[in-house]
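**Student:** As they're listed, the protein sequences go chains F and X. FYI, my numbering numbers position 71 of the first sequence as 64, with every residue one higher than the one before it. Take the position in the second sequence, starting the count at 1, then add 105; the result is the number in my numbering.
These aren't lab readings, by the way, just hints derived from the structure by calculation. Fair warning: there could be bad hints in the mix.
To be clear about the criterion: a stretch of chain F counts as covered by chain X if any three or more of its residues have a C-beta under 8 Å from a C-beta of chain X, and this derived list gives those stretches [claimed, not checked]:
hint, segment
1, 9 to 15
2, 42 to 51
3, 74 to 84
4, 88 to 100
5, 208 to 217
Far from chain F, some chain X residues (derived; all Cβ distances over 12 Å) [claimed, not checked]:
hint, residue
6, I151
7, I177
8, D226
9, K250
10, A251
11, P281
12, S301
Glycine included, every Cβ here is placed at the ideal spot set by N, Cα and C.
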Amino acid sequence: MNARAVTTNVLLGLAPIALLILLWQAMVSFGYAPVTLLPPPGQVFGRMVQQFLNATYRQDIEATLLRLFAGFAIAVILGVAIGLAAAASPAINAAVRPIVRVLAPLPKVALYPALLLLLGFGHESKITLVAADALFPILLSTYYGASTVEQKLIWSAMAAGTSHREILFKVVLPAAAPSILTGCRIGLVISCIVVFLAEMITSTDGLGHVLVTAARTFQAVDMFVPLITISLLGLILNGALEGLRSYLLRGFPEV
Amino acid sequence: MIPGRALLVRLAPLLACLGLLTVWQAASLALNNDSFPTALGAIQAIPSILGDKDALINILASLRRMVIGFSIAVIVSIPLGLMMGRSRAVASFFNPLLMVIYPVPKAALMPIIMLWLGVGDLSKTLVIFLGVSLPVIYHSFEGAKAVEEKMLWSGAAMGLSAAERLVRIVLPAALPEILTGCRTGLVLALITMITSEMIARQSGAGNILFNALDMGEYDIVYAMIIIVGAMGIGLDALFERLRARLVRWSEPQFDIPLSFS
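From just these sequences and the hints, can you work out the full model?
**Tutor:** Dropping the structure here:
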């Protein structure tokens, strides 16, 4: 695609977002929505800048990010390890498969009360919930990536005298990387969503808590700010992962 | 396959359930903690919830909202996704907007929507609708993008209009992928339903769960978790049956849904 087509596409893509903000402004300006229920976009973005300069709000963002990264990291480590093990060994596969079948469609957020009772109201219960929710997409895509590695690659490595363990780390893992990274991307979005929800349900800090506090005091402006923040965080993290992906997968044929 | 082995494969999820419950039972006996009842205790509390008329009505009302939200989302999202898959202009129009919406937790919109529409069925159904739409749009988009061009050319050569091609060629060809999206959406509908009720705390299954937590009725908490979990697994299995029937001709890609909130 040439540069001009890209520019057209970007402009076309920005159009609905601009339209949405325009519609939002129009609804306020023409009095269809009272300012207390729907504050004008200018006020919301102004408030957002103000909040970013505010130390308490930055601490809330930090708390959210800490839980997000911790949960996501646990999910990546466990998901890749279990996924690879299940793809490599039929015995582990037979044990893991039915358990995953039962646990994957289970709404993990329903476990949150149990986690609260067991782990308390601090970081641990939220991190565990994030990890539990992000785990399955990563586990499944690792498993599918690793079990569809071309057999010839493995045979060549075996013929060259590579040990079983080395094949797993030097052949299967790199070959499954595109699939694993796709799973990580889904897992990351889930982590953003889950950490926010967990903080909304019970918390004393974090972005979700900011939203709930604002809702209790009917501060509509402050309700929009954390939502836009989490959307921005999601976009930034997604972009970072995309960068990591194109770095890790350099030399891979079109992915 | 040998019948005994086939039976084992079919029973494997059931065995896994039993295994997990056994682990739970053992863990709670070992910890001997008031707030962590045994699996048996939780199962014994299930009849008391399902026997309670108010609780049952609440759970059924939750399910009704979920079904309505899910159905509307599917009806709106599939055509949109298919059009995005077939037209580059439509795709680049909607894609950035969807990317911005994606990391926003839909259930977190609950407080704002409640301000506008009240705490009734409407706002809860709307939130479920929002939660289900994205994966269905995404999967329909991917499915429609992968449709073989030659089939469309043949259709055009035989005089099908663009709309007819969309319904008669693209829709069936993308159906396996669309149904994968619907399956994810179904689990998501359940998750969004529970979460929105946990946040709005007015009625429904999520509310029962957290009320019991506040009152310290721990066996009710765990019994509700089992009920919600069983609903998730049951709905998923039901949908899988339907899917297998509709797209018998295609190979299943993922036999486990990628569920998330």
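**Student:** Now look at each hint and say whether the structure bears it out.
**Tutor:** Taking the hints in turn, this is what the structure says about them:
1. 9 to 15: Per the Cβ count (3), the hint holds.
2. 42 to 51: As far as the segment 42 to 51 of chain F goes, the hint is violated, because 0 residues have Cβ atoms under 8 Å from chain X.
3. 74 to 84: With 0 residues closer than 8 Å to chain X, the segment 74 to 84 of chain F misses the three-residue bar; violated.
4. 88 to 100: Held - the segment 88 to 100 of chain F has 11 residues with a Cβ nearer than 8 Å to chain X, which meets the minimum of three.
5. 208 to 217: This one holds; 5 residues, not fewer than the three required, reach chain X with a Cβ under 8 Å.
6. I151: About 14 Å separates X/I151 from the closest Cβ of chain F, which puts it past 12 Å; holds.
7. I177: holds (20 Å)
8. D226: The assertion about X/D226 holds, with a minimum of 19 Å to chain F.
9. K250: holds (15 Å)
10. A251: holds (15 Å)
11. P281: Consistent with the label, X/P281 stays out of reach of chain F, its closest Cβ about 16 Å off (over 12 Å).
12. S301: Contrary to the label, X/S301 does not stay out of reach of chain F, its closest Cβ about 10 Å off (not over 12 Å).
Against the hints set out earlier in the document, violations occur for numbers 2, 3, 12.
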